[in-house]
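Quick note, the sequences are listed as chains A and B, same order. Everything in the first sequence is counted per the working numbering, starting at -13 for the first residue and increasing by one. Everything in the second sequence is counted per the working numbering, starting at 3 for the first residue and increasing by one.
Careful: at least some of the hints might be erroneous.
[What the hints assert, rightly or not] Only some residues are given here: those of chain B computed to face chain A with a beta carbon under 7 Å:
| id | residue |
| --- | --- |
| 1 | Y34 |
| 2 | L36 |
| 3 | F91 |
| 4 | I95 |
| 5 | K101 |
| 6 | F104 |
| 7 | G105 |
| 8 | T106 |
| 9 | G107 |
Because the hints were derived from the structure by calculation, they are not lab data. Predicted model only: the values in this text are computed from it and were never measured. The beta-carbon is built from N, C-alpha and C at its ideal position, and this holds for glycine as well.
Below are the chains, spelled out letter by letter.
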Amino acid sequence: DTGVSQDPRHKITKRGQNVTFRCDPISEHNRLYWYRQTLGQGPEFLTYFQNEAQLEKSRLLSDRFSAERPKGSFSTLEIQRTEQGDSAMYLCASSLGGTGASPLHFGNGTRLTVT
Amino acid sequence: DQQVKQNSPSLSVQEGRISILNCDYTNSMFDYFLWYKKYPAEGPTFLISISSIKDKNEDGRFTVFLNKSAKHLSLHIVPSQPGDSAVYFCAAIRSGTYKYIFGTGTRLKVLA
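With the sequences and hints as input, model every part of the structure.
Laid out in structure tokens, this is it:
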């Protein structure tokens, strides 16, 4: 399967702990996105990479959140000092860059529960 | 400010009939629109898209209609099947930008 893969699928952590999620995009896709989804809401944009460059970061992403995409391949999203409000599904998506917009292809997400 | 709105949180349709899911947007700069389907515990799956230069795009049982003057798009599923039961999200983006904006979703239930 060459789709977007995310690891882990589920993460339960205690408030104040740090967590890190990994995303492996579709190999030929140069664009990578992180979204967050909570119950009853649609996916909310967090950040975007084109190759290894982080080009946009949402105001939703506080200083406790950091994302990287070394060498333009896989990406990690780290949340430091987790809070209960961070509990959500974290979705990674990738797309093929070009002159126009193209569909995002999502992974199955990492569900974070902060207790 | 919710730029993409799906005002119907849920919809029930009989198997074999047409399902019509609606989406409204407020930003006239959006020029590319997408529909996604999401099953529980899975990520959204891309279904169909439409560029603002068109008013209709068809792919098998799925057709998306775009009414730019009304800032409205709809997804038609004909005929509806029980396997279509899922949450459907519409999304929009302005070409040249990076942020896809999603609606809050409509839960479709197709009754056998």
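Hints and how they fare:
{"no.": "1", "hint": "Y34", "result": "holds, 4 Å"}
{"no.": "2", "hint": "L36", "result": "holds, 6 Å"}
{"no.": "3", "hint": "F91", "result": "holds, 5 Å"}
{"no.": "4", "hint": "I95", "result": "holds, 5 Å"}
{"no.": "5", "hint": "K101", "result": "holds, 5 Å"}
{"no.": "6", "hint": "F104", "result": "holds, 3 Å"}
{"no.": "7", "hint": "G105", "result": "holds, 5 Å"}
{"no.": "8", "hint": "T106", "result": "holds, 5 Å"}
{"no.": "9", "hint": "G107", "result": "holds, 6 Å"}
Going through the hint list in order, the structure satisfies each hint without exception.
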